[in-house]
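Asks: Since the structure of chain A is already known, use the hints to place chain B on it.
There are 2 protein chains.
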Amino acid sequence: MDIETNRAALEAWLILLRAPGLGSVSLRELLAAHGDVRSALAAARRGAHARCRDEACRDWLRAPDATRIGADLDWLAQPAHALLTCDGADFPALLEGAPGAPAALFVAGDSSALWQPQVAIVGSRNASQGGSANADAFARAIASAGFAITSGLAEGIDTAAHEGALGAGAATLAVLGTGPDRVYPARQGALAARIAAQGALVSEFPPGTPAHEKHFPRRNRVIAGLSLGTLVVEAGVRSGALITARNATEAGREVFAIPGSIHNPLARGCHQLIRQGAKLIETAGEIIAELAPLAQRLGAELRERLDDPTRGLPSPARDAVASRATDPDYARLFRALGYDTLGIDQLAERSGLPIATLASMLLLLELEGEVVAERGGYTRRSTTSC
Amino acid sequence: MDIETNRAALEAWLILLRAPGLGSVSLRELLAAHGDVRSALAAARRGAHARCRDEACRDWLRAPDATRIGADLDWLAQPAHALLTCDGADFPALLEGAPGAPAALFVAGDSSALWQPQVAIVGSRNASQGGSANADAFARAIASAGFAITSGLAEGIDTAAHEGALGAGAATLAVLGTGPDRVYPARQGALAARIAAQGALVSEFPPGTPAHEKHFPRRNRVIAGLSLGTLVVEAGVRSGALITARNATEAGREVFAIPGSIHNPLARGCHQLIRQGAKLIETAGEIIAELAPLAQRLGAELRERLDDPTRGLPSPARDAVASRATDPDYARLFRALGYDTLGIDQLAERSGLPIATLASMLLLLELEGEVVAERGGYTRRSTTSC
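As they're listed, the protein sequences go chains A and B.
Quick note on my numbering: the first sequence kicks off at 9 and runs consecutively.
Quick note on my numbering: the second sequence kicks off at 9 and runs consecutively.
FYI, nobody ran anything at the bench for these hints, they're computed from the structure.
Incorrect hints may appear among the rest.
What the hints assert, rightly or not - Simulated crosslink set (SDA-like; lysine to any residue; CA at most 20 Å straight-line):
| id | chain 1 | residue 1 | chain 2 | residue 2 |
| --- | --- | --- | --- | --- |
| 1 | A | Lys287 | B | His271 |
| 2 | B | Lys287 | A | Gly285 |
| 3 | A | Lys287 | B | Lys287 |
Just chain A, with the same shape it has in the complex:
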């Protein structure tokens, strides 16, 4: 959403997102009934939805706190800050397809990372050393295969997963149970800053929202919804990671779990998931093999949405391989790509293609072995025919 040209719509979004007790389900219902966000706000002010007739909500909608909304707009005006709303083309398609998706996401960092195919890696805060080492190694390998790693910025497994992706020079997304400007726990601040610089911090909660117990199940649902699959590395039987896994199943996504010693209490949650049908995973390669075809399909669909002025309407997926030979965008990308590693920003500059478009094109090429992703950059694969 372009802040300059559509400030009124953005303000309407912020007012609705902050309306006490409205919630994303009602907000989505208002949008569906009234077409656009400004009409939805006007309808909400008329009490068109039952939730808007509750006193606190009604009072807020009539007289929202201008200072608060102004502060939100200031936050969004900062570099690499964004609001992705469910009525916009930038809202991540996978999340949109998941039950209970939020109506909007505040993003600090590279919002094109939300378009990348993602693997969630989650688990216990009190991970064993072995569990953390596994999370790091799996994140590193899966990230090196072209997936972004999504997790929850908690200590233990989440931290190791983010670190593994960062170490591989790949994008990682941290979904927060606080506003995008807060970090919980506070000692994760340095990690959060590195994630914002190499991936994105993502939150459905507006700036300034403090941590609250009830936010974390919603945070988990976003982690699962953004991702093609969720890997649980180590988790006790009452771990939040099992909620994320259940969310993933509800969204029709794959659930993976790493088994462990029967004497490790943090293997119990993983074993429970395996008994319930999660895939038992021994190597990162198994996850990559399972998800690569889904990522390829997702990449083709995203690309089509970006290219297609009638986007949002259902249309049969084009044959990505067939279209590529004659596609002028691919020709521009191939001219820009060399045998030295280039970052996506450099490729965007050289090719003139938008980053989100590039991300999906590069993924397709990577999955087909024409492009190598390493240390955050891309190279054409050398072949004997070159």
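Replies: Leaving out everything else, chain B in the frame of chain A:
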């Protein structure tokens, strides 16, 4: 089979079992076609089965080595040595129901142990210390719940499983890939002697048969066929334990596997089994809970076969609990049972009931909590109503 009264039948069995190239399938076909073993031998001598017309087989059937057969009879005449044949009531019903069952079993030890509900515990010869400790602990717990533990007398997991059962004072069965008078590897001799004293050594190979690579898959099939379920504790992906597990599946039995660290190569075989549908097991209690109802049903069926002069004919299983109150055998058993621990031999002597009948009765009572089995003996459970 009573050696005194049926020496001719026993000789016929030994001649057929030793006939070169005949095999258990052909032997069973001859028996089915000709009714009893002496008629089967006569038919075999006439070349009634294709396999009997091969030169070596024909020559042996015409002139079997009397010294060899005499030595077998001598072996069988020793205390606690027996031959259980598939035409006899003593042949274990579960094994008879398994595909590829042998035609007869040589037993050294307590052949009534073959009537007990059994759990196979198998795995790698090169087990880790943790794997052996698990095998021992699971065997101990499962044996204490009233099951015999069946394994293959190999080093590693098999040894730990036998030791666990012995330590619990319970029966354990070692199925051999050699004759019942041989032990492979030889350093397992002391363990084999303890198993013969507290359970049984079991083999489909006649006395004197040395170890041979091709015997071990057949040994594994007998382990799986005798048991209500097979637990694989630790196994590499090419382990013989996986063959036992497959045999168990083919026989319609449960397969259980203990997961482990993804960095333990001996967890790989277990993980492979879990992916193929084996139950992931964390505690012995899960196996006991799963198999106790099957054991109860088996006990009732065995008891019915023993009681029923028309045994072998299908008949609906009687309600074991209902019959017990009025059953004179149970009354005799209850009179014999005290609150001091008694061995099954003492109970047989006091009650006048055959050991095989007693074993199934005691199992039922044990599973219903009326009798406690400990250290190889039985006690009535104290209740407030007593």
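Asks: For every hint, state whether the structure bears it out.
Replies: Do the hints match the structure? See the list:
1. A:Lys287 / B:His271: OK: A:Lys287 and B:His271 at ~17 Å, within 20 Å.
2. B:Lys287 / A:Gly285: Holds. B:Lys287 to A:Gly285 sits at ~11 Å (cutoff 20 Å).
3. A:Lys287 / B:Lys287: holds (13 Å)
In summary, the structure agrees with every hint in the numbered list given earlier.
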